[in-house]
Amino acid sequence: MTHDDGLPNDPEGIRLMIHALVDGELDAAAALAVERRIAADPKLAAEHARIVALQGAVSRLPPPDVSDAFRARIAAIGMAGIEPQAPAEAAEPQRGAPSALPGLISVAGGGQRRDAGTRPSQTRAQPRARRFGSFDWRAMAASIMISAVLASGATQWVMQSGVDDGFAAAVASGHRRSLLAASPIDIVSSDRHTVKPWLDARIGVSPPAPDLVQDGYALIGGRVEVISGRPVPALVYRHREHLITLVAEPQQGGKTTQPDDLSSGGFSMVHWSDGAFSYWAISDMERPELDDFVARFRKAAV
Amino acid sequence: MSERALAQRFNEVVLPHLGDALALARWLTGNAADAEDVVQDACIKAHAGISGYAGGNARAWLLTIVRNTSYTWMARNRPRAMMAVGDLGDLDDMAAAHGTSLPDEDGPEASLIAKADTAALEAAIAALPQPFRETLVLRDINGLSYREISAMLTVPIGTVMSRLARARGLLAAELGRAS
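Chains as they are written, first to last, in numbering that gives the first Met the number 0: chain A, 0 to 301; chain B, 0 to 178.
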């Protein structure tokens, strides 16, 4: 049985991809491809269920108890540099030292607890931010992949397209990359209340992200594209087996324009503006279907 | 940077991740009391090196120090245990030879794994060979990404993935057997 979805075809390779799926290491397109393989193969489905069950069990293990006394001891290390006579580079832990600073300990300990209360959202965002920057999904895939099948039609689109707008070409290549499972990891979520804050935290803008699942277009996540040297938000919707990338470029002094067909070379692309954002929707769906998506999105995004 | 600013940074970078630090040290050293000693040593190193913290994931930065400190600590306090770890490459080969990396048709049911009690699961994790255990803990307990683990262990991402898969395979088999 062979597949042309760009995933490894050997059992070990596909198994590693299932782990990567469970670990949230795949982008939307690759996750979709792996989910399809799982759906088609009971053995893979059983493996997936095992991994999920195991991860669930491990995550339910009781976390270590960080006692107040221990936290105070560590906080005292942080305060040590402020004491003029305490050398910051104390090489050995001085067991007696922390207790010599009782006042500082209670101050530091109390302050820390307040800090900890306000900070979790930031600290949790950091791994994402880091992962986004330069996660070389390609290297990871290359180490286990047999082959990746290039969407040659998409390549031609960029090469021969009559659209000389660099932005449109960049949107198209971003979409193409995502289909090749080579785009950076981004947020995978069907919840717009997750996607919007994520985009907002990354780049300070978040476009309307209506969930159109009732209409057959499920919001499956978002990512950040860098186009013309600027980060712009992109939403990813799924319609049956097709992915739709919707890039939303913030507009200033917005004029509203009607949908404009930029389709070429096997990809459908529609561009419009609503005054606040300039939108580019691209997909390998047929044009009428993409028009339907655009119409529903515009209606819902008002 | 002033000492006060450095102290402030220590509070921001180190203190929120003490739970993660203790969890990692506990699984690397094998018990919770030693973990506190190791984390305290690690925090002193972190404090000394805080000006070298270049931003990015604070948790991964701290855990890297905790990991290194754990091994230094074990080499000093438990040289015998360290010797038993042996060569990492051998372990990868050994696990492969045991066939734990193959998708097994007769693997335990997911429901069996989900029902495993805490003690059995902890014993199974403790019994994992060190490289597999640390990879599993960094991923499933500390929540680091493959990329962060790869950087911390200085191994390719492919190796992280295969160690993780083998760790989970061994755990699943063990829990299936225990039930």
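Accuracy of the hints is not assured; some may be wrong.
Simulated crosslink set (SDA-like; lysine to any residue; CA at most 25 Å straight-line) [claimed, not checked]:
no., chain 1, residue 1, chain 2, residue 2
1, B, K114, A, I37
2, A, K42, B, A125
3, B, K114, A, A45
For the chain B half of the interface with chain A, some residues (derived, Cβ under 7 Å), not all of them [stated by the list, open to error]:
no., residue
4, R25
5, D33
6, E35
7, Y52
8, G106
9, L120
10, A150
11, L152
In case anyone wonders, no lab produced these hints; they're calculated from the structure. Backbone N, C-alpha and C fix where the C-beta goes; we use that ideal spot for every residue, glycine too.
Hint-by-hint comparison with the structure:
1. B:K114 to A:I37: Status holds; Cα separation ~23 Å.
2. A:K42 to B:A125: Violated - the C-alpha atoms of B:A125 and A:K42 are around 28 Å apart, more than 25 Å.
3. B:K114 to A:A45: Between B:K114 and A:A45 the Cα gap is close to 16 Å, so the pair holds against 25 Å.
4. R25: holds (6 Å)
5. D33: Status violated, d = 12 Å.
6. E35: holds (6 Å)
7. Y52: violated (12 Å)
8. G106: This hint holds: B:G106 lies near chain A, its Cβ roughly 6 Å from the closest one there, short of 7 Å.
9. L120: holds (6 Å)
10. A150: Hint violated; B:A150 Cβ to chain A Cβ min 10 Å, cut 7 Å.
11. L152: violated (15 Å)
Figure legend: structure checked against the earlier numbered hints; hints not met, in rising order: 2, 5, 7, 10 and 11.
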